[in-house]
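Asker: Build the full structure now, drawing on both the sequences and the hints.
Residues per chain, in single letters:
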Amino acid sequence: MLSVTRRLFLAGTAISLAGLPRIALAEAPKRGGVLRMSVDQAASVIHPMLARVNPEYLVTELLYSNLTRLKPDMTVEPDLAMSWEPNATLTEWTFKLRPGVTFHDGSPLTADDVVATINAILDPKTASPGRTNVGPIKEVAAVDPLTVKFTLAGAYADLPVALTYLNARIVPAKVIAGDLASLSTTANGTGPFKLASYEPDRRIVVERNPAYYDPARPYLDRIELLVYPDRTAEASAMISGEIDLLLTTAPGEYERLAKADGVKALRTPSGQFLNINLGCDQKPFNDVRVRQALALVVDREATVGFVAGGYGTPGNDTPLSSAYHFYKNIPLKKPDIATAKKLLADAGYPNGIDLTLVASDRPSTRTQLGVAVREMAAAAGFRINVQTMPHATYLDQVWKKGNFYVGFYNMQPTADAVFKLLYTSDAAWNETHWNNADFDAVINAARVETDEAKRTALYAKAQDMMNAEVPSVISAFFDLLAAQRSYVEGYALHPRGSVFRLDMASLGAGAPKRA
Amino acid sequence: MSLAWFARRLMLMVYTVIVVSMLVFAITQILPADAAQSLLGENATPEVLAALRTRLGLGDPAWLQYGRWARHVFTGDFGISMRTSLPVGPEMLAALSRSLLLAVSAILVTLAIAVPLGVVAALRQGRLTDTGVSLIAYLGVSLPEFVTATLLALLLADTWHWLPATGYVSPLEDFGDGIRHLALPVLTVSLILVAHVMRMMRSETLDVLKSDYIRAARLKGLPERTVVFRHALRNALLPVVTIIALDVGYLLGGIIVIEEIFAIPGIGRALMVAITTRDLPSIQAGALIMAATYAVTNTLADMAYAFLDPRIRYD
Chain A
1 MLSVTRRLFL AGTAISLAGL PRIALAEAPK RGGVLRMSVD QAASVIHPML
51 ARVNPEYLVT ELLYSNLTRL KPDMTVEPDL AMSWEPNATL TEWTFKLRPG
101 VTFHDGSPLT ADDVVATINA ILDPKTASPG RTNVGPIKEV AAVDPLTVKF
151 TLAGAYADLP VALTYLNARI VPAKVIAGDL ASLSTTANGT GPFKLASYEP
201 DRRIVVERNP AYYDPARPYL DRIELLVYPD RTAEASAMIS GEIDLLLTTA
251 PGEYERLAKA DGVKALRTPS GQFLNINLGC DQKPFNDVRV RQALALVVDR
301 EATVGFVAGG YGTPGNDTPL SSAYHFYKNI PLKKPDIATA KKLLADAGYP
351 NGIDLTLVAS DRPSTRTQLG VAVREMAAAA GFRINVQTMP HATYLDQVWK
401 KGNFYVGFYN MQPTADAVFK LLYTSDAAWN ETHWNNADFD AVINAARVET
451 DEAKRTALYA KAQDMMNAEV PSVISAFFDL LAAQRSYVEG YALHPRGSVF
501 RLDMASLGAG APKRA
Chain B
516 MSLAWFARRL MLMVYTVIVV SMLVFAITQI LPADAAQSLL GENATPEVLA
566 ALRTRLGLGD PAWLQYGRWA RHVFTGDFGI SMRTSLPVGP EMLAALSRSL
616 LLAVSAILVT LAIAVPLGVV AALRQGRLTD TGVSLIAYLG VSLPEFVTAT
666 LLALLLADTW HWLPATGYVS PLEDFGDGIR HLALPVLTVS LILVAHVMRM
716 MRSETLDVLK SDYIRAARLK GLPERTVVFR HALRNALLPV VTIIALDVGY
766 LLGGIIVIEE IFAIPGIGRA LMVAITTRDL PSIQAGALIM AATYAVTNTL
816 ADMAYAFLDP RIRYD
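Sequence lines, in order, name chains A and B. Okay, so the first sequence: first residue is 1 according to this note's numbering, each after it adds one. Okay, so the second sequence: first residue is 516 according to this note's numbering, each after it adds one.
None of these hints come from the bench; they were simulated from the model. Small disclaimer: the values here were computed from a predicted structure and weren't measured. For every residue, glycine included, the Cβ atom is placed at its ideal position computed from N, Cα and C. A hint or two may mislead.
Distance ranges between label pairs, derived from CB positions [stated by the list, open to error]: (1) Ile330/A to Pro605/B: 32 to 42 Å; (2) Gly305/A to Trp677/B: 30 to 40 Å; (3) Trp677/B to Lys264/A: 18 to 28 Å; (4) Pro605/B to Lys259/A: 41 to 51 Å; (5) Ala181/A to Ala541/B: 38 to 48 Å; (6) Ile330/A to Leu538/B: 54 to 64 Å.
Answerer: Set out below in structure tokens:
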């Protein structure tokens, strides 16, 4: 019964939302103008299947479209797909494409383009990060020019969400058949903007796509992306009116921006977090008591202050923050040095334990967390030596190999995505090697469960298990911080941190005229 | 200036660049991270890594890789950036041109400030003017770049709104705006360089003013202005040429902090990004281009020196 409701709900949402942007025209935002935006690192990869960091996702979002799109409440809305429908067992999904959509070169979007794109993402040779993130797709086929059918390896309720993945932008089949690598320096998408010039380290310019499928959008004529590597300089540029929108900033600068005239500081809670990965298959962390002891020394509220400057929420050793759909509010762990000492003694370390914690230098909050935990853990007998290293060295030598290091992760679109990325035995990045069969079973049951209440119960159980067994210490989630000039309208921070929707942005009264 | 001397200088320059290219290549071989791994980042699978290593020729012996690279460089082909997929040569040269614009502007501003100040300090030796000028110059050289830069940006951009705080606009696209954006970084760099040049100028002027020919000029009854400007200044300027040539090296390598703070996409920043992402073709091209620029500048300085002072041509 309920499962039918949910599917009808999904399909219903799809249809009703298709008409929304046109209704929104009633309060028509002003058209035209140039938006100058700053990013903290160059978007050096504009190949949509290979993009890896937020400035790159921003550029590919401007130039391309997915089948579906993630809303700020983490549910989906139609993009290139107008509606979708699963079969009763959730193993086959049929997507109807929006008719009349064209790529920037004028050629029409058809089901063949979708099929070719998904196949290219799934091809290991492409080396797309999307390969493990677009859902358990076994086969994708064109039913007719505007209908695509996905056959899955198993039941999966989250496919429409998975297809919002940042690398699953639809590209033309003819580019894939021809020179796929050409997308590294050129672009041919269906997105609201077209690539006008690409000098990654200096400036990237996109111009309005007059043939965008929604005739009302985008509102801006042009967007210029400039690189400001220094956050203080970037904030100064925002305060002096050199830039209109700033992708992301740090707590210190946020406070300065919030006080400045004509600047609106933006903030939203997110699921972005730092953790301390514990190698559960090696000494000493193969003993759950050592992990529990470490979890009990961490003052979570204090960590939010140390690493996030207070702009965050405390974590409870599960990767789901309150920004996620299936978040369970478990009472927060409080520091308990006496119990931690006892657990450590029971595990065979009555005189304490020596450990080396590796923290890469990017972002610098990794080291801050390392040092904070070193000081907090000392009271219980953990003698932690914090070793910092350049990020490239860390990726090469420690990441996924070490058994005690600081990790940093963006928010994922779904609970399933973050558990399958990090904590199940078959996780794409199984960094902790927790390999808990009971936990795997719960996650696998949840991903095929269509009953919302049952699914909530399963994910609650998964969070309880992680909270109790501590495969990694997750003590703080970051809020996302940014800023804009007050005349920028229609822009809102998305909790996912990698969805931007600049097609909704426009320039209101007081915006400077820029040629 | 004999032709042989000239030829020897040129050969020395070419030799320097070749040795540097070998050093750069050797260093990139021992960087503590695999280029393929850093390129593919956290999503690399073992198969893809292996495929990429083969494509990049990372498995070949170092001398073979060096030979292949040197042959391409000789024809002006620095390869394709592993990071951006764009040709490295044009990217690095564009970055160099922005850095050179900054460096040359800074040197001109420095000379315009430091030479008169140095002369004035020398003429007023030991008096308040001398102490004041020296103090300000030392302050400029003692403060780290990022402090000077931040202070200037706070005052001139944030508080008084005279100049844009940061950012780069090409003077070719919009001359006025380009100069306005260049002003703060040039001022910052000049404040640091002024002390070098001024100090050299002051001591040289003092030395020259004590020399016999100046005394002769004075005894001849020439007005002090003629003595200083026509006779003393010419000789005192000589060592400044050397200082400037050395400062070009500092400007190209050490200017990275300025480029970061003022968001100028110059060669320092390009090289920094290349190193942190292990983008080998960019590291090699950037380092080589910087070394070549340094070698050329120093050769030019030597030649200018030899031209100004015939005693230098010691062959």
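Asker: Now look at each hint and say whether the structure bears it out.
Answerer: Here's how the hints hold up against the structure:
1. Distance hint check: the CB atoms of isoleucine 330/A and proline 605/B are about 56 Å apart, inconsistent with the given range 32 to 42 Å.
2. Remark: the range hint 30 to 40 Å for glycine 305/A to tryptophan 677/B is upheld by a beta-carbon distance near 38 Å.
3. Hint check: tryptophan 677/B to lysine 264/A, Cβ distance near 25 Å, so the stated range 18 to 28 Å holds.
4. Range check, proline 605/B to lysine 259/A: about 43 Å between beta-carbon atoms, so the 41 to 51 Å window is met.
5. For the pair alanine 181/A and alanine 541/B, the beta carbons lie near 30 Å from each other, so the given range of 38 to 48 Å is not met.
6. For the pair isoleucine 330/A and leucine 538/B, the beta carbons lie near 57 Å from each other, so the given range of 54 to 64 Å is met.
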